[in-house]
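Taken in order, these protein sequences are the chains called Z and C.
Using this note's numbering, read the first sequence as starting at 170 and increasing by one per residue.
Using this note's numbering, read the second sequence as starting at 407 and increasing by one per residue.
By construction, these hints were calculated from the structure, which means they are not laboratory data.
Computed from a predicted structure; not experimentally measured.
The reader is advised that the hints may include incorrect statements.
What the hints assert, rightly or not - With beta-carbon atoms standing in for the labels, derived distance ranges: (1) Gly-234/Z with Tyr-536/C: 50 to 58 Å; (2) Gln-236/Z with Val-689/C: 49 to 57 Å; (3) Ala-246/Z with Asp-473/C: 46 to 54 Å; (4) Gly-611/C with Gly-302/Z: 36 to 44 Å.
Glycine is no exception: its CB is placed at the ideal position from the N, C-alpha and C atoms.
The residues making up each chain are set out below.
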Amino acid sequence: MSFKEFYRRKKSEGLVHPTVIFVLLNLIVFSILGGFAAHASSGAAVYEQAYSKQIALMIDNAQPGMQIIFNFEKPIAIAEENNLKKERIIEIDNEKKEVVVRMSGKGGYISRFFSDYDVKYYFSKNNLVIFIGQ
Amino acid sequence: MLFDEKKGGEKVFSIWWFFIIGLVAVVIAIGVYVYASAEADARAVEADILGDKIKECILDSGFLKKDVLNEGFDVFEECGINKGLFEGESDFYFRISFLQENPSLTGYSSKDNKWLEITGIASLKKVINYARENSIRERKCSCNSDEKCNSYAEYIFKAAAENGIPDPLLLLSIMMQESGCIETAFSGSSTGLMQINLIHCGNFGLPTDREKCMQELIENPEKNIAIGAKILKKSYDKYKNGRKFSGACTDEYKERFYSGWDAAVRGYNGWGCGEDSNGNKIVKQDFYVEEVMERHQKMKEVAGGGISESPEAVSKIRGDVKGGNLLFEKECMIAESDSIRTDSFPKCTMKREPVLYYDSGSKEVKRAIIEILIASNNYGKRVSVLK
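Next up, chain C with everything else stripped away, as it sits in the complex (with noise of 0.2 Å):
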């Protein structure tokens, strides 16, 4: 039999080999059921959904809305999340805290996470009037009196806040480029400081009639720039994701790529080769995104721009917004700082935003950043009988 010693002295089934068996039998076993019983960890998920659903709400187009700095504001209705998975030891916890930034500071770059230099109204009168004397990048801003320039200045900060175009640097520097700040510029289809197309007009609250539209556009400095800010950012909106310049004069600029603020400046100017009334080519409208980015550096140089390491220089707007478990807020800052990341510990994500808001008090258009702290401890649960 198999169990009996063959001829050779050994046995083939021996009681060892019932135990190696159900040795490898247990160890699978128990393999199997670590594996079933293992949470698939969504935590950060969660985490990261619920920031981006309470950013979604709070904000329009990169503005505060309204509704949220009043203190009566509730975050669970607007935002529709249900009140009730955010009482007692709840496992979720949320925290927004609206900071208004240092006047010296203009923005905050989440990629290199740090502060961003001026460019309020004050640098944009500094570098305006340092134009009137000097060429930046081969262009001066020919406004011819104080108070003309701070105008354009204030007019410059308006549209770009409004427009959700982040450096009001960038839009003068355009102007630049396209008037020298000299209001009645006209080039025989564009007008004014943004040198606006005619073919705007009906758009953008301008009348039909090219006659009278030309006359606004170049009686009415706020709303050229206005509108100069409105196509800037279309063409961001449109063109931020990259398009080749194959429609340039020529052959090397048909190669370039552009893409962010660089092929919303593109799209401004055009993506094609224009040409002059006897028919040339006007060549150097393909150098034109190049010069209004130098100009545009140079002119961060002017304003005295750079990068800052004070990111705590704030200050709040309003008191913070908080819901769920108030003992994660902790927890967070002790897994942030000892890094430690233990199934106890909450899963925490942070999320900041430069967002603008509108000052009844001073009734201005602010510069603010919100700051979202989330944190999810929301396993779910494996339940043996259900009804």
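Just chain Z, same shape as in the assembly (with noise of 0.2 Å):
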């Protein structure tokens, strides 16, 4: 049976063959299903845990004096498809000695670092450049 024949006899009843429909609308289904998957598990709050704890890792590893340059062109692509400022994706907070990476508007995970350093962090272009001082 030709394509044809198939699409005119189905034509016929009225109807696409409803098996198709059936399977199309199953691969839509768990395309999308698919799709959240992968976008929750490569959101934001994964990223903002991640990032926080390596940067305090890496203050209490870090000497006085030191600079280091992190590569945050990720968070920074996460947090504007969440509309957030560049700026205020990371908050070093020397009293508390706490890191706090937010990359959407809904809250953001904070880590602790027991170094007593006065750090202070800007950033450059994608980069943030963070300067462990005295």
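Please assemble the complex out of the two chains, which come individually in their own frames, going by the hints.
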């Protein structure tokens, strides 16, 4: 049976073959679910935690006078997707010894560091520059 | 319609289809939630960093800093650690113990986790006395009086301790190889017990004038040994990661690769092939490292060396320095003994390091072990609202 015949035959029944639609709908539904899973697992929540912990560990591992340059392309891209300004992505609290990283407007992740340094930071293009003071 | 029965009689979209799709969606959503909310556990890394930080700040080239042994020593201030995070129910804990080794033991092998036997002054004297009468790997120690031999042992012990040479016997082995413990030994370019090359005149506190320099290297055996130790340590620092002996006299040795203290000894003797006054290659220089190291091994046997299984045989130089959540100390012990590794237990790390310290009481440099227990239960937290 040729495709034309198949199509004509189904047309004659009033609808495209229901099985084809069934398969297509299944594909669409599972694609949406898969897309959701992929998006959620590579989204802000996961990166917030990873970046705040890494920054806290780097501060603890550093010596006074060091300058750490951190590639922040990914967090900036995620933050922009979530309409968050670059400057709001990171906050380092020298009193509480906390690194706060947020990539969406809904919260963020706080990691603590134990080193008693005066930490300063600024953005240079897509890099985060952290300066470890005394 | 899609929901109608087909010609064959079955439905394409039934309630079951929606149910299965719904089930899959719920499973995926739960999976994503679990993944996204799982804590990345960096506690072990953090404990390690804290341990290294403490270790680095209380040590200076293998020596305990002087102030560390004072009761007023403030580890937080000295090490740049925020005291506030270590108060009350803190997420951190550390305990520094200062252990004096048993006088019959000499060092701690972190690799084997065992104490190594003595090479203290008493053992050095024992080996030197033995070598006065007997050859050890074809060399004797020809110091000609008890007084002189004993003073060499003391100089060697001190020089090894001050330069971070783990076993003074290695220094003695080199000294026997170089001069046979003869103070006045002179080879044309090298002088004294450790055969210090005259190119070093002007350095290490030696006079620039060649004659005066040579005289000092002969008349001051303590200085000669101290300079030898310094050169050996410098060689260790430079070559410890390894180097091929491509400048050897023989093809066999050109392929040899030395690392660690073997490389340090090689560097002490030189990486090239020397020539005598007639222009002939001094082939025996190729075997220098092997001879020194074999003698060193034999010396350990003479000293009664070996490995002891008694790591508890220690006393404390001073009280422990502690900070943080004291409950963690017990939890670390439970976790270690019962192999419990639940999230409610902190991640614990133990660091041990052989060190030297100056004992102001006896005015001697002594060996000790610092033991640092560190625990971290610092997880970080997700917050839903931020200012």
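Hints and how they fare:
no.: 1; hint: Gly-234/Z with Tyr-536/C: 50 to 58 Å; in the structure: 52 Å, holds
no.: 2; hint: Gln-236/Z with Val-689/C: 49 to 57 Å; in the structure: 53 Å, holds
no.: 3; hint: Ala-246/Z with Asp-473/C: 46 to 54 Å; in the structure: 49 Å, holds
no.: 4; hint: Gly-611/C with Gly-302/Z: 36 to 44 Å; in the structure: 38 Å, holds
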